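Based on the sequences and whatever the hints tell you, model everything.
Read in order, the letters of the sequence shown correspond to residues 10 to 112 in this note's numbering.
Everything labelled a hint here was simulated from the structure, so no lab data went into it.
Heads up, none of these hints are tricks.
Derived BS3-like pairs: lysine-lysine, alpha-carbon spacing no greater than 25 Å straight-line:
hint	residue 1	residue 2
1	K106	K36
2	K31	K106
3	K55	K77
A quick note: this is a predicted structure, and the numbers were derived from the prediction, not measured.
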Amino acid sequence: MEPNIFTLPSKTTIRQPVEAPKTAAQKAARATAEEFEAVFLADILKNMSVGLDTDGPFGGGHAEEMYKGLLNEQIANSISRNGGIGLSDAVYREILKTQEAGQ
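Right under this line is the structure:
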């Protein structure tokens, strides 16, 4: 049976395992990749909550807007540290390729 545009590839082809960093440069690259993913996820979470009403007895105000951003950042950091969405793995591999090409 020939695959069509509606057939999803298996999980192994979507997310390839990445070996644990060993050197200081690899650890720095991994931390940078996870930070990039966290910033990306924080922006996604911010955009998801743009149209939400915050009226009610405990809603609204300047403080809520400030803390909503902080909460989004913490949620994004937590997601990224606990496996993320796979973006940090791809970024990490690209950083390593770039470092190897420069040596």
